[in-house]
Amino acid sequence: MKTLLCEEVQNRLSFYVENSLSAVEKTEIEAHLQGCSACQIEAEAYQRLKSGMQALKQNQSFIEPPERVWKQARMAWNEQDARQTRWNRGRVAVVACLLLCLVGISWARRYNAQPFPLQAVLQDYERVALAHGTPKPEMETSDADQASVWLKRQIGGDVPPIPLSLSGAKLIGAGSLSPEQPTIGRLFYQTPKGILILYVAPHRTTFNNTQTTKLDGRVFYVSHPKENMTLLAWEYNSVGLGMMAGMSQSDASPYALDARRLTDSLQ
Amino acid sequence: MSFFLGSRRRQFEQMVRPLMKPLYQAAYRLARQAEWAEDLTQDTLVRAYERFHLFTPGTNFRAWLFTILTNLYLNDCERSRRRPTQVPIHGNTNSEEAWDFPSLRVEDDPEAALLLGLLPEHLQSALDALPEEFRLAVILVDMEDMSYQEAADGLNIPVGTVRSRVSRGRAMLRQRVFHALQQRLTTTERGS
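So the protein sequences, as listed, match chains A and B. Each residue of the first sequence is one higher than the one before, starting from 2 at the first, in the working numbering. Each residue of the second sequence is one higher than the one before, starting from 16 at the first, in the working numbering.
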């Protein structure tokens, strides 16, 4: 055990008296105190100082806070509460407005249907499929998944992969309708009966003034803009799909049904 | 929302009401002026309610409250709005003239008076005459029963500095107040 000098002991005596030293330090100091009357007197003095401080506090315990302090504090708390309530109401109002805006925007996006660009689609089909024979899509691929990913990136809508392999059509590639209407996508297919193009509008779509027909129990919008030209259209997950083919309705129907079964199975 | 505020307010009042008296007494010991002590107490209550959401339930609410009080006292001093009365220690100093704290009522507690010997006349003025940083540390630890860590939080200084200030403050008090007592003890030993 370390032997302490009187100065070392006296520097720590107040902590010894309040019992805040480690066990080792305490033992060292107690050993020193046993043989040192000067430090004993110091320890006694600190003990009395400690008692004196508590007695001083005890003697001041009759002091009471004036009641007005509590009353004024309560008034201040009332003001704080009122301020907080106003602030909270303001926040709720702002959040409610933001929510309403979000709901409104999403509602508008979901339910604000746009007409299917029938005239543009007809002109495009005539230009691409009839005038130039085999089309040259922007994205040449026979992989429906690849075409779907590319088209999603181009037009921003939910375009499922549509291979049409069951009906014997072969995917050639994908592209957008025109620089003027970049948000309408196209999927090109080669069939034994000619080119067909599936137009994709990435928003809710209306087919005004268009008749409907049932194929295999499914309702299609149908239009014949010219003789021997058929448009069969339907909706999938707020996306408008219109298949234009330079053939009769009966010839175009298997391809449309093939695509429709696929999109229905994905909903 | 108002229900939430109401329950928070009730909880706060339930916790703070029993501490009003010790809080005011502590403010009085720090400021040594009744008017300043009232302002400090009220400011502490307002600040504490403002920040009640920051208080961690289950921890020492009293120490948290006293930490706010100490911070506000130091802010007041820093802004030089107010200064604690500095009283030089002399044998014949009358502490009541120097500050308006009520004098010790040793007649109410004869046992304490006997135990303390020379203390009642000198302890207040000796404490009062300590340099401010030592006075604050000694008051917080020895009279307000705050831990060294809590006092360090209140004073915004490291805990080691608090220990050092308390130790030196006690040594100064002991030197000043107990000089006569030490002489008396020595005389008694010689007599026996």
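FYI, nobody ran anything at the bench for these hints, they're computed from the structure. Hints may contain errors.
Keeping only pairs whose Cα atoms sit at most 30 Å apart, straight-line, the calculated DSS-like set for lysine-lysine is [what the hints assert, rightly or not]:
no.	chain 1	residue 1	chain 2	residue 2
1	A	Lys215	A	Lys227
2	B	Lys36	A	Lys58
3	A	Lys153	A	Lys137
4	A	Lys72	B	Lys36
5	B	Lys36	A	Lys227
Owing to the predicted nature of the structure, the values given are computational and were not obtained by experimental measurement.
Hint by hint, here is what the structure shows:
no. : hint                : in the structure
1   : A:Lys215 - A:Lys227 : holds (21 Å)
2   : B:Lys36 - A:Lys58   : holds (12 Å)
3   : A:Lys153 - A:Lys137 : holds (19 Å)
4   : A:Lys72 - B:Lys36   : holds (14 Å)
5   : B:Lys36 - A:Lys227  : violated (96 Å)
Consistency with the previously given hints fails for number 5 only.
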